[in-house]
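Novice: Sequence:
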Amino acid sequence: MKNYGLSPNLITYNTLIDGFCNIGKLSKALSLFGQMKLDGQLPTLVTYNTLISGFSKSGNFKRATNLVREMGERGITPSKVTYTILIDAIVRSGDMEKALAMYYSMEKLGMAADVYTIGALINGWCSKDRMLEASKLFNSMEMMHLHPSDVIYNMMINGYCREGSSYRALRSLRDMREKGMIPNVASYCSTIHALCKDRKLKEAEFLGEEMLSLGLKPSNAVYNVLSLAKEDDR
1 MKNYGLSPNL
11 ITYNTLIDGF
21 CNIGKLSKAL
31 SLFGQMKLDG
41 QLPTLVTYNT
51 LISGFSKSGN
61 FKRATNLVRE
71 MGERGITPSK
81 VTYTILIDAI
91 VRSGDMEKAL
101 AMYYSMEKLG
111 MAADVYTIGA
121 LINGWCSKDR
131 MLEASKLFNS
141 MEMMHLHPSD
151 VIYNMMINGY
161 CREGSSYRAL
171 RSLRDMREKG
181 MIPNVASYCS
191 TIHALCKDRK
201 LKEAEFLGEE
211 MLSLGLKPSN
221 AVYNVLSLAK
231 EDDR
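In full-length UniProt numbering, the protein residues as written are 1 to 234.
These aren't lab readings, by the way, just hints derived from the structure by calculation.
Check each hint, because a few of them may be wrong.
As the list claims (entries may be wrong) - Simulated crosslink set (DSSO-like; lysine-lysine; CA at most 30 Å straight-line): (1) 25 - 37; (2) 197 - 217; (3) 136 - 98; (4) 179 - 202; (5) 25 - 57; (6) 98 - 25; (7) 128 - 62; (8) 179 - 136; (9) 80 - 62; (10) 57 - 37; (11) 179 - 217; (12) 62 - 98; (13) 98 - 108; (14) 57 - 136; (15) 136 - 37; (16) 37 - 128; (17) 98 - 80; (18) 200 - 179; (19) 108 - 136.
As the list claims (entries may be wrong) - Pair ranges (Cβ atoms, derived): (20) 79 - 202: 48 to 54 Å; (21) 213 - 104: 17 to 23 Å; (22) 74 - 214: 47 to 53 Å; (23) 217 - 28: 38 to 44 Å; (24) 104 - 45: 17 to 23 Å.
We put the CB at the ideal spot given by N, CA and C, even for glycine.
Generate the whole structure from the sequences, applying the supplied hints.
Specialist: Below is the structure:
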């Protein structure tokens, strides 16, 4: 642009930085970040959140936290989005203790968690098969006046299935349907497997039929497990 006598404005810089972050070219994004400051364009909360998200997803938490520190030095207060980005990235790294510490820091600053923040933490507990902690967080959403999304329900259902709690998985699936949400194929298939394992064949068969009525195709593994369960039940 400069070759044509045009100077990039804030929107242009933010768009380019976002684009480079999305394709993983963080060094390019950081170079543009430095250039925009040299050009007298002041980075905004959006600029910082974009970079923090990029570095967090790449696992470079040191750079991400340095950017948060720089935000503060420039008088820009990290937002709920900033904290959620960091919490989600830390959860994906497997450090739930650090993720919870970040969550509590957010609360101390008077920022109310949203569905995405709680969802990230629930995902962390489910990934570690810590369903008691996941359930506590899930149940606390009502007190926070938050409505679990279909993504969160699917996390819980698959988590319950992995721990062998077919009853809890089925109850969550039913709750989801009552609220007008459609569980994904993985949630149905996992629940059917768990029900068959617990010899709850009628419930498993009903779910298989329900899947078909919703236009969802059970996997071959589900057909096989239902067939085997029927044979064993004879």
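Novice: Output the indices of the hints that this structure fails to meet, ascending.
Specialist: Of the numbered hints, 15, 16, 21 do not hold.
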